[in-house]
Each structure stands twice: as C-alpha cells, then as structure tokens.
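K.L.:
Letter by letter, the chains look like this.
2 protein chains.
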Amino acid sequence: MQKLKERIAREGKVLPGNIVKVDGFLNHLVDTRLMDDIAEEFAKYFDTKRITRVLTAEASGIALATVCAQHYGVPMLFAKKAKSDNIESGLYQSEVFSYTYKKKVTLLVSQEWLGPEDKVLIIDDFMANGYAMQGLVDIVNAAGAELVGIGVAVEKGFQGGGDKFRAMENVPYHALAVIEKADENGITFREDD
Amino acid sequence: MQKLKERIAREGKVLPGNIVKVDGFLNHLVDTRLMDDIAEEFAKYFDTKRITRVLTAEASGIALATVCAQHYGVPMLFAKKAKSDNIESGLYQSEVFSYTYKKKVTLLVSQEWLGPEDKVLIIDDFMANGYAMQGLVDIVNAAGAELVGIGVAVEKGFQGGGDKFRAMENVPYHALAVIEKADENGITFREDD
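Line order of the protein sequences matches chains A and B.
Using our numbering, the letters of the first sequence map in sequence onto residues 18 to 210.
Using our numbering, the letters of the second sequence map in sequence onto residues 18 to 210.
Incorrect hints may appear among the rest.
Identical copies go unnamed one by one, so any copy, or any two together, can satisfy a pair.
Each computed SDA-like pair below joins lysine to any residue, with the alpha-carbon atoms no more than 20 Å apart [as the list claims (entries may be wrong)]:
#1 Lys198 <-> Asn187
#2 Lys121 <-> Gln110
#3 Lys22 <-> Glu201
#4 Lys120 <-> Glu28
#5 Lys98 <-> Phe114
#6 Lys98 <-> Ser115
#7 Lys30 <-> Leu108
#8 Lys22 <-> Lys38
#9 Lys22 <-> Arg207
#10 Lys38 <-> Ala99
#11 Lys181 <-> Phe114
#12 Lys38 <-> Gln128
#13 Lys66 <-> Leu46
#14 Lys66 <-> Glu134
#15 Lys98 <-> Phe143
#16 Lys66 <-> Asp48
#17 Lys98 <-> Lys121
#18 Lys30 <-> Ser106
#19 Lys22 <-> Gln128
#20 Lys181 <-> Gly41
#21 Lys120 <-> Ala99
#22 Lys38 <-> Tyr109
#23 Lys136 <-> Asp48
If you're looking for bench data, these hints aren't it; they were derived computationally from the structure.
Model the full assembly from the supplied sequences, consistent with the hints where possible.
P.N.:
Okay, structure coming up:
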C-alpha cells in the first residue's frame with residue numbers, strides 16, 4: 018500500500034536493534050483517516066462480506082481492528098493479555114512470548130464471544146516475529162471458528178514472522194507494508210506480492 | 018443515552034462485588050455501530066470542532082476513542098500502561114491504581130504527541146473510581162494542553178468516581194449511562210443530568 022509505505026518512510030524512526038517506531042500515526046498517536054484507508058485496502062484482499070468478527074490483540078491492534086470492523090459491519094473482538102496465573106474458566110487461551118513486554122503473556126478470549134459459527138478476519142497493526150499472531154490463530158482454531166484471512170498493516174519481513182502465515186493453505190495472508198531492512202541508512206520495503 | 022442504557026439493562030451482567038460486565042458490546046466484543054452512536058451522542062455535549070486530540074487509556078478505551086476521533090476528524094492518542102520501573106525519558110507519566118490489574122500502573126504518553134497547542138477531549142468506555150481518568154487529566158495538565166471535556170460511556174455512579182470531575186470548573190464532564198445500583202435485583206440508572 019503505497020500511502021502507508023510513504024508514511025513509514027517519512028515518519029518512521031529506526032532505533033538501535035532494528036526497531037522501527039511508527040508511533041506517530043499507527044500505535045500511540047493514531048491517524049484515524051489512515052486507518053480508514055487501510056480498512057478499505059484490506060477489503061481488496063479478503064472476503065469481508067463473509068466475516069462475522071474482526072479479531073485482534075490488545076492493545077495497539079485495537080484501533081485499526083475497530084475501524085476495519087466498522088467498515089465491514091461486524092463486531093470487533095480483542096484478545097486480552099494477562100499474566101499466566103489466575104485465569105478464569107470459560108476462556109480460550111494461548112500463551113505467547115511478548116516482544117513488547119519481554120515475557121510470556123497469555124492471550125484470552127471469552128468462549129461466549131467466539132464459536133464454531135464464526136468466520137474470523139484477524140487484523141493487527143504490526144508484526145515482527147508473529148508470536149502474537151500465532152496465538153490469535155490458535156484461539157480461532159480452539160473455538161472451531163473459520164479463519165477467513167489474516168491482515169497486517171506493517172510487517173517486519175526480516176524477522177520472518179510472516180513466512181509461516183504465507184505458507185498456510187486456504188487462508189489468505191496479506192501485509193500492506195513489508196519492511197525488508199531497517200538500519201541507520203533508513204527503511205527499505207519488500208516489493209509487493 | 019437511552020439506547021446505551023437499554024443495552025446495558027438487557028445484556029449487562031452483575032457479578033458478585035457489584036461488578037458490572039458489559040463485555041458483549043463495549044469492552045471485549047465491541048459493537049462498532051453502537052460506538053458510532055456514542056460518538057455522535059458525545060458531540061452534543063462537547064465542542065468537538067475545537068479539539069485536536071481524543072485521548073484515552075489502553076486497552077478497552079481505545080475502540081470507542083478511535084471511533085470518536087474518526088467522527089471528529091482528529092487523531093486518537095492512547096496512554097500506555099507500564100509497570101513503574103524501566104520508564105524511558107520524554108514521557109508524561111502518571112501513576113494510578115488499576116482496578117483491573119489490582120496494582121499500581123503508570124500511564125505514559127510521549128511528549129512528542131501532546132503539547133501546549135493541543136485541545137484534548139478525554140474519552141473512556143467505563144469509569145468506576147476514576148483513578149485512570151485522573152491520570153489522564155494529570156497528563157493533559159503536564160503537557161500544558163487545554164482540556165476541552167471528559168466523556169465516559171458507562172459510569173458506576175455508586176463508586177463516586179465521577180463526582181470530582183463533575184465538580185471541575187470550566188471542563189464539561191458527561192457520562193452517557195450512570196449506574197446507580199447494581200446487585201442481584203438488576204441494574205438501576207441515575208436520571209440524566
């Protein structure tokens with residue numbers, strides 16, 4: 018998505034350790050008009066008329082997933098993050114390593130709000146190693162729901178997280194901006210699929 | 018807001034300890050159409066044409082704040098929650114007691130994205146004791162920004178959190194559904210202001 022790539026190139030910051038910061042428009046201050054554009058772009062790649070839920074993980078995925086759900090006319094469901102002790106019953110759960118928190122967290126979704134009748138589009142704002150995404154996929158599978166697609170706004174391609182999702186059969190995966198390289202010389206994008 | 022109250026009365030659950038659960042449409046599974054209606058309702062109470070930011074706290078406030086920001090044509094900014102150690106510089110911070118996590122957390126907003134030129138509408142989905150809300154107000158003040166108003170979708174009136182915000186001079190506060198009582202007999206709302 019050219020518009021998103023231009024925005025990342027212009028405003029994204031590369032920090033030591035190949036960290037790409039896009040907190041001026043995507044995951045701290047959020048440009049809601051850009052979220053609208055992203056939601057429309059995803060609709061080109063996924064059968065959004067069939068879905069019953071947009072699923073994401075707290076916290077930074079919520080803004081984009083909400084705008085997508087609104088565009089497609091369905092509810093947005095977000096997995097909560099909890100420490101692994103003291104978890105109630107009635108929940109789908111998946112333990113993942115959080116890059117942000119540098120520790121294991123458990124993704125939780127109430128069984129009340131996701132079931133075999135659901136058709137789910139997973140949306141996230143950012144993907145590095147893909148651990149949180151795998152947790153969301155596991156939850157969709159645990160619910161017996163149908164996974165209609167996986168959409169990511171910004172993928173750090175060089176961390177390889179997207180590869181296993183691209184390899185999934187029958188589930189379309191699409192990232193709108195895949196960063197191939199991020200260092201002191203700037204940000205390089207992968208050519209679109 | 019009649020529509021919101023009806024929804025709470027119909028789908029809200031009261032758990033032991035006067036806990037009101039509205040996770041089927043507000044803060045886990047999120048009804049994006051209802052968020053649209055709430056955003057329009059808030060526009061009746063606040064001067065949304067003047068604002069430059071909608072501010073909220075992660076995680077559950079993000080969905081509603083995003084839809085509000087989108088309606089008013091401004092960016093949404095969310096305060097991140099962190100444990101109190103290991104906090105970077107360049108941040109406005111406010112330490113608050115989290116009802117959800119049962120411990121102190123620090124609300125963080127980058128100084129890069131909020132400053133004296135900003136006019137801020139704070140939006141949250143739910144308020145009980147108002148500690149997180151106070152943290153957000155403190156951050157707006159620390160930034161030297163103007164606080165244009167405070168909007169809450171659901172306030173647990175019997176916990177008193179809203180009272181100090183109603184008492185603020187020059188800053189309008191409005192809650193769309195104020196719960197006066199929640200017990201085994203059901204949910205009672207306060208009459209509208």
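K.L.:
For Lys136 vs Asp48, is the C-alpha pair at or below 20 Å within one copy, between two copies, both, or neither?
P.N.:
For Lys136 and Asp48, the Cα distance is within 20 Å only across copies (16 Å; inside one copy 28 Å).
K.L.:
Checking Lys198 and Asn187: alpha-carbon separation at most 20 Å within a copy, between copies, both or neither?
P.N.:
neither (29 Å within a copy, 50 Å between copies)
K.L.:
Within a copy, between copies, both or neither: which one fits Lys22 and Lys38 at a CA-CA cutoff of 20 Å?
P.N.:
within (13 Å within a copy, 40 Å between copies)
K.L.:
One pair to classify: Lys98 and Phe114, alpha carbons no more than 20 Å apart. Within, between, both, or neither?
P.N.:
both (11 Å within a copy, 18 Å between copies)
K.L.:
With identical chains, the pair Lys30 and Leu108 could be close in the same copy or across copies; at 20 Å between alpha carbons, which is it: within, between, both, or neither?
P.N.:
between (38 Å within a copy, 17 Å between copies)
K.L.:
Could you figure out if Lys120 and Glu28 sit no more than 20 Å apart (CA to CA) within one copy, between two copies, both or neither?
P.N.:
Close neither inside one copy (29 Å) nor across copies (35 Å); limit 20 Å.
K.L.:
Please work out whether the CA atoms of Lys66 and Leu46 approach to 20 Å or closer within one copy, between two copies, in both situations, or in neither?
P.N.:
This pair counts as between: shortest inter-copy Cα distance 19 Å, intra-copy 30 Å.
K.L.:
Reference check for the pair Lys66 and Asp48, CA-CA at most 20 Å: within, between, both, or neither?
P.N.:
between (25 Å within a copy, 17 Å between copies)
K.L.:
With identical chains treated as interchangeable, where does the CA-CA distance between Lys98 and Phe143 reach 20 Å or less: within a copy, between copies, both, or neither?
P.N.:
both (16 Å within a copy, 18 Å between copies)
K.L.:
Checking an output row: Lys38 and Gln128, CA cutoff 20 Å. Within, between, both or neither?
P.N.:
between (34 Å within a copy, 15 Å between copies)
K.L.:
What label fits Lys121 with Gln110 when the C-alpha limit is 20 Å: within, between, both, or neither?
P.N.:
This pair counts as within: shortest intra-copy Cα distance 13 Å, inter-copy 25 Å.
K.L.:
Within a copy, between copies, both or neither: which one fits Lys120 and Ala99 at a CA-CA cutoff of 20 Å?
P.N.:
both (11 Å within a copy, 13 Å between copies)
Going through the hint list in order, the structure does not satisfy hints 1, 4, 19, 20.
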